[in-house]
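Here the protein sequences line up with chains D and G, keeping their order. Residue numbering for the first sequence follows our numbering, starting at 191 and increasing by one per position. Residue numbering for the second sequence follows our numbering, starting at 12 and increasing by one per position.
None of these hints come from the bench; they were simulated from the model. One or more hints might be untrue.
As the list claims (entries may be wrong) - So these bits of chain G aren't anywhere near chain D, every CB distance computed over 10 angstroms:
1) Leu14
2) Lys141
3) Tyr156
4) Phe277
5) Ala288
6) Pro318
7) Val403
Claimed, not checked - Under 7 angstroms between C-beta atoms, here's a sample of chain D residues computed to sit facing chain G:
8) Asn241
9) Asp247
10) Ala270
11) Phe279
12) Val289
Don't be surprised by glycine CBs; every beta carbon is placed ideally from N, CA and C.
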Amino acid sequence: MNIVECTNVTKIYQQGRVKVTALDDVSLSMEKGSFAALAGPSGSGKTTLLNIIGGLDVPDSGRVLVDGNSLQEMTQSQLANLRLHKVGFVFQSYNLIPVLSAVENVEFVMLLQGIAAKERRERAMAILDDVGLENKYRRRPAELSGGQQQRVAVARAIVSSPSIVLADEPTANLDSKTGNGLLEMMKEMNERKKVTFIFSTHDRMVMDYARRLIQIRDGKIFNDQLKPG
Amino acid sequence: MYLQLGWRNIWRNPRRTTVIVTAVVIGVWSMIFLGALMRGVADQMVRNGIATLTGHLQIHQKGYRSDPVIENSIEAPSNLEQALTRLLPPNAHWAPRVRVNGVVSNARHSDGITFVGVDPAREAEVSFVKPAIVEGRYLVDEDEYGILIGEALAEKFETQIGRKVVIMSQDTNEEIASRAFRIVGIFRAEMEATEKQFVFVTLPAAQQMLSLHDGISEISILLPSREQVDSVAAALRHVLPAELEVQTWQQLLPMVTAVLTMYDSFIFLWFLVVFVAMAFGIVNTTLMAVFERVREFGLLKALGMRPRSIVLEVLTESFFVLVIGVVLGNCFGFLTTNALFRNGIDLSALSAGLEYVGMARVVYPIILSKDVITANLVVFLLGLLVSLYPAVKAARFTPVEAMAHT
């Protein structure tokens, strides 16, 4: 079964008196375990598509299925629930809650899910070890580098075993070495834990890492390429 | 989680939190302290009124209150003694008096006064007179010609202990009765007007001068507690003869009663004003904190936090601010009130105006538990209520708009 099914999705924004078509009749399917990138210039609609897949936004027309759940038929509360249990997010910036430590940020989603404190702590520490942040559990975001913050965000995104991780320009604020390290880590998570990753990016490095590259321009997919191997 | 997040969030901007906590502290302190001051003023007024011969209850002949003349005296008061002994609670005291209007004069001055004949022993248990003696001595039963006058009256009349004054009044034969009395004691009252108004002689001396035989003008009763007034009054009315009437201090001091009612309203209004001022500060500060964290709320929603959880989180921050403010405000309120309780607040500079409304020169603040509870509940519950507005605002941010916020 496909983890994501978008069928004829259209999204139009009103900007003052002007209507802007962010997505124009887009259809897309994604298999479980994909490591895909939505690539395109600014304003191409890649972030909009990512937001719609993640249940952060609703299309004006079309159908979206995420792990078998039809988003059109969901209330805001149900969408919140979907995001909590099925979707992990990594944003370009401002990923972490500033007053919580690294381990508490990772625990946060599990806390919302109602997981017991002991299990939360154990899993959070284990995943932080996995992303190379052992001994930094108690550091607050302000005490971590940009790359370390993004690693914590990735750890938080995958600790609750979501069906899919959506990363919106995760390397945009990182230097190339740090960005490279982050992508290596996410690729390893994808291969080891079979977590589906979908990126929204205009970073060449991210496009190179992706096994599937979906190019978007003016709200339409103009190229969808699965890389060999 | 809410507690941990809320506590840490309020300290993200320590200066802002300190300012709003200070506002709450000052608000709660002012509610408690000024409320205690107003209650102290009201209580002093009542105490002064009761001590200044009113007592908790009085018994008069019907008609005496509207026309306090010798003709409206209680005849054969000894018949009342049994009823009083039977009906009054333990530790209650009562005192008979003759009380008429008269004139006091000496070689230099003359003035209108209230001429009061008292049973010295009984009067000492009921009114302010005996402990108020500052010069000379109190009356004794044998004082046929002894008189107590107020310090202000002595000063006005340029007289002193051992000198004589003449009292004139109308007797039961409608003739002018007069007698010279020797000043044996001078008293100092809470109010100068009291010192100038009342002069005291023994009951037999007054009765003799006014040809009253054993008649009296009133019986004043002092109960162990103000709460017993209504029940004792009802019991007395039930057994006393129809020609006698029983009145409570509220009836005898209508102005004090009206002022007390006014004070309740003042205190309520003060609480309201303080709270409204504080509420604007709380709402403004919480709104600022919310709008500074738009992206964070977007992140929380993106992660799956429900809107009601976001409301709860913001309210938890207000909760901590209010708890800290309320606790500190109460502490300061109690400390400052207790510090002033021993010596009171001296308002002598305003004594002329204070006397007009029956206030004492020195005011002792009194904290009532109902005022403290009301102040705390008003600040805490209404503080949380007004915090709902920014909390709901935070919960309404959509993740997409919020995350895009700069």
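How the hints compare with the structure:
1. Leu14: Holds, since 12 angstroms exceeds 10 angstroms.
2. Lys141: holds (68 angstroms)
3. Tyr156: Nearest chain D Cβ is 85 angstroms from G/Tyr156, so the label holds.
4. Phe277: Answer for G/Phe277: holds, closest chain D Cβ roughly 43 angstroms.
5. Ala288: holds (30 angstroms)
6. Pro318: violated (8 angstroms)
7. Val403: It holds; G/Val403 is separated from chain D by about 14 angstroms at its closest Cβ, greater than 10 angstroms.
8. Asn241: holds (6 angstroms)
9. Asp247: holds (5 angstroms)
10. Ala270: holds (5 angstroms)
11. Phe279: holds (5 angstroms)
12. Val289: holds (4 angstroms)
Hint compliance for this structure: hint 6 is the single one not met.
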